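Enquirer: Chains as they are written, first to last, in my numbering: chain X, 1 to 208; chain C, 1 to 208.
The set of hints was computed from the structure by calculation and includes no laboratory data. Since this is a predicted model, take the numbers as computed values, not measurements. Be aware that one or more of the hints could be misleading.
For lysine-lysine, the following DSS-like pairs were computed, each having C-alpha atoms within a straight-line distance of at most 30 Å [to be verified]:
| no. | chain 1 | residue 1 | chain 2 | residue 2 |
| --- | --- | --- | --- | --- |
| 1 | C | Lys8 | C | Lys22 |
| 2 | X | Lys22 | C | Lys8 |
| 3 | X | Lys190 | C | Lys8 |
| 4 | X | Lys8 | C | Lys190 |
Number of protein chains: 2
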Amino acid sequence: MTETRNGKGLLIVVSAPSGAGKTSLCQELTRTLPNLTHSISYTTRAPRNGEVNGKDYWFVSVETFEKMVAERAFAEWARVHQNLYGTALATLDDMRNKGKDVILDIDTQGAMQLREKMPDGAYIFILPPSMEILEERLRKRQSDREDEIQRRMAKAREEIAAYSSYDYIVVNEEFQTALAELKAIVTAEKCKVAYINNSWVDTTFLGG
Amino acid sequence: MTETRNGKGLLIVVSAPSGAGKTSLCQELTRTLPNLTHSISYTTRAPRNGEVNGKDYWFVSVETFEKMVAERAFAEWARVHQNLYGTALATLDDMRNKGKDVILDIDTQGAMQLREKMPDGAYIFILPPSMEILEERLRKRQSDREDEIQRRMAKAREEIAAYSSYDYIVVNEEFQTALAELKAIVTAEKCKVAYINNSWVDTTFLGG
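So that you can see chain X by itself, here it is in the shape it has in the complex (with noise of 0.2 Å):
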């Protein structure tokens, strides 16, 4: 017998409002665990300089996405500008029964329409330390209009009110402090009793 311990892959889910921080903290999660990959998402935008199809994302068509929004493919999918954007159930599953972990780093509301079809991920919520530092981070990177600037505050301020909704809240006051909590929580995750292979338990512990 070759039991592993392990069962399946966890999902990892992650929302926070824009200037808290998320892609770097994500970034740097997926490039120091080596087990946890980014799902690639299907849209419907055109490619930019350098995207790569079946590495940055799916590129199809308007048809082939509403094909399978028909077809109920996806966990979750949103209209963001113009353009449709979807995360395939089918690849969801692959990779986890590969046992691989796959962070999804989608808003507010794709995370609750995703936590309905798949409740076992961990959905974690990323805060700013404050209104007023979120507001100085925004100002500090982009060259955005003021009503761009109250625009984004405004949706922050919405997508903050959903927090009560996910199982995890890290606040991004320090990169490292948030780093460390976020690799504390999928170890945590992956010692959850539902990750534990019952047959390798069986086998090794029960004689099953």
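Following the hints, complete the assembly by docking chain C onto the known chain X.
Expert: For chain C alone, kept in the frame of chain X given last:
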């Protein structure tokens, strides 16, 4: 306003078969996590050399203990080798309300009793890597007679059978890895939305 992010303290409950290394792991965990402390149990057994009342245990008479049982003062209690041991609900509540994280090191029966009263705790089961290694460890560390070792092995099998009632499984194959997993569980539990202070979120982000 001086709202803090974290609300009340955690309750961490650890069970393991004898020989799995629970005591060393819990000691090292409380040594390295200053906010995590053992709760002080009540017992009817006599103090051993050097044991201090109110530090190692609260030493009480059988009458006092039985009165506390009748008054439903205990979160869990058990008879072990003619002596009574119990954890008072008030002790746990007091420590957690002060923001202290509490760790309890109890058997599977006590843990399942406690779970009914305090379902918000993190219930952790520590497994040895295999039954063979458990037996080796029992033989190495004890000068027990063969029948005593066999009794402990049978008891271990019985306790391990309860593993699926816990939230987390930590396999103590390598001490430092198991310790890191326990620390990750504590960190992750602290990030759970249930442990964040709602009024901190409201005042900081939602203008409430």
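Enquirer: Given the hinted pair lysine 8 (chain C) and lysine 22 (chain C), is their alpha-carbon gap at most 30 Å?
Expert: Distance ~25 Å between lysine 8 (chain C) and lysine 22 (chain C) Cα, so the pair holds.
Enquirer: Lysine 190 (chain X) and lysine 8 (chain C) were given as a pair; does the straight-line alpha-carbon distance stay at or below 30 Å?
Expert: holds, 25 Å
Enquirer: Keeping to a limit of 30 Å between CA atoms, is the pair of lysine 8 (chain X) and lysine 190 (chain C) held or broken?
Expert: Holds, at about 25 Å.
Enquirer: Taking only the CA atoms, is the gap from lysine 22 (chain X) to lysine 8 (chain C) under or equal to 30 Å?
Expert: holds, 27 Å
The structure meets every hint from the earlier list without exception.
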